[in-house]
Amino acid sequence: MSEKQVFSRTKGLTGVPFHYCPGCGHGVIHRLVAESLEELGVLGDTIGVAPVGCAVLISSYMNCDMQSAAHGRACAVATGVKRALPDRVVFTYQGDGDLAAIGIAEVMHAAARGEKITVIFVNNAIYGMTGGQMAPTTLPGQKTTTSPYGRDVSSAGFPIDMPQVLATLKGAAYVASVSVDTPKNIIQAKKAIKKAFEVQMKRQGFAFVSVLSPCPTNWGMGPLDAVKWLQDNMLPLYTMGELKTPEEAVASA
Amino acid sequence: MKGNEAIAEAAIRAGCRLFFGYPITPSSELAEYLARRMPEVGGTFLQAESEVAAINMVYGAAGSGARVMTASSGPGISLKQEGLSYITGAELPCVVVNIQRAGPGLGGLGPSQGDYFQATKGGGHGDYHPIVLGPASVQEAADLMMEAFDLADRWRLPVILLGDGIIGQTMERVVFKEPSPVRTEKPWATTGTGRRGPGAKRNIVQCWGLTPELLEPICLREQAKYEKITAEEQRWDTFQIEDAEALVVAFGTSARICREAVMQLRAAGLKVGLLRPITLWPFPGKAFQSLPTSVRGVLAVELSMGQMVEDVRLAVNGRLPVRFFGRVGGFTPSPEDVAERVVALLDEIPAKKAQGVTA
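If you read the sequences in order, they're chains Y and C. Counted from 1, the first sequence has number 162 at position 162 by our numbering; the numbering is strictly sequential. Counted from 1, the second sequence has number 138 at position 138 by our numbering; the numbering is strictly sequential.
Keep in mind that the hints are not guaranteed to be accurate.
[Said to hold, decoys possible] Derived SDA-like pairs (lysine to any residue); straight-line CA-CA distance at most 25 Å:
1. K191/Y <-> G157/Y
2. K186/C <-> R173/C
3. K202/Y <-> F45/C
4. K170/Y <-> K186/C
5. K228/Y <-> D161/Y
6. K170/Y <-> K228/Y
7. K11/Y <-> F45/C
8. K11/Y <-> Q47/C
9. K190/Y <-> G194/C
10. K228/Y <-> E248/Y
11. K191/Y <-> K201/C
Simulated from the structure, these hints should not be mistaken for lab results.
Please model the complete structure; the sequences and the hints are all you need to start from.
Structure below.
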């Protein structure tokens, strides 16, 4: 009986084993980014910008040139790369602490400028690498090591819905909010990520994909409970779907 | 030309095609000039949202192999320190201009040399030094700016051109020299694997090693580079030191004032000379190893509360008395002020007591 290979590792990944915790979404999201770049045939033209946080090691996994940015500065670094090499594909891969807290100015202005880069934003509602502290995306009432009584919005404020914020900026051509909690949603996430690269390649403007992702370790749950927690708590709170496409961007400009 | 404009034009002639910056007095003409000029030469001028963003844009462009610069003044340079530490850690070449203003804090707009420590001792976190150049005229600022890009590329290190409000704002005649045609290859730059030929390996620009086993060898390798730079790149200028009994040490704007003071003192029959560091890091310690035996004492003159004087003391290493004179807040001393301090120094250290003191 002959065997037919139906699945293999994408050329977009180096094959180095991931260091992420069981049930973490980074592995899936890395693969979606890598597959998109491979399918678009641009791995050799791509420069990725790694964040500070759990995904700092993404440079080891992505089979393309990579730069490693300071905490929150990935969009500024990517701007420098893109302005130096305008015909290359440039992306950042950032967590919620990196992008929505210390790096919020950099992402807002990159979007406002219509910087022709693709930003992959992984939102797990918590600081991962530093050990589970409150993030700007932490939900009201959510317990973290720095909100041990649950996030109190009267003192710690409200979570920031980054896709909704960025969609208001004219330079943002494509803004989507997806999740990797189910196979169906993973397929949708892939479509959004690939489209975000296509928007960049067509020089239509800034492209942003927010990906809701579980963090079982820092949420203190097993992987399956973490997926359920994401579905019960994060999906209702954050705006989902394609918030803005290039056609709409042109119409509103 | 105004100093700031001459520096900007020199950068363009040296092949710099990317500028990322944020306006701040007294450096703003630099950005304004490049905003006009960069489009003319097919380059990029981008006014960043902050100094922090600007230096990180520099990081990205430098990592991609471009000749790139930013310019600012003290408070803005403080914001850039995070990025400068990362740039040195990732071993990227770039040029940073600091047209210093008086500090600390928001300070004032007058000339100052109060950022000497920040520039020469690293300035950001971790063990590192940028190369620091201290021009004393608009002409020299333009010349050093061109060389700065070559030095940065050769050593894969930021080069800081440390001027001040007078260097930036003064108008002087400038003759632009021919830039060096030499271009250092940058096979390490992130240009896309497919652009470097078949089978090209991935290029990774980063500055971390999360375990001591990974990080210490990186730090030691970089330290070896700093030692090589210290051995090879020290630069200084001297004026009438051959028979000098008093040696004035000053850089940049204060060196110009001191040169005038030396001429006045020489006219009055006093044997005084000037030693002017041009590289502030590496500090030209070599210049102090071969001073004439006639020198009885050293006066460091700065537009600060006394910063370079510490390097002077280290270089003199106790062999001669070292005194300090500085003005701050944006004031500059007059040549007469300096001359007065030199006379006091010579009175304090009579020639007969100098017997046996060798330099």
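Check each numbered hint from earlier against the structure, then list the numbers of those it violates in ascending order.
-> When the structure is compared with the hints, numbers 1, 2, 4, 6, 7, 8, 10 and 11 turn out to be violated.
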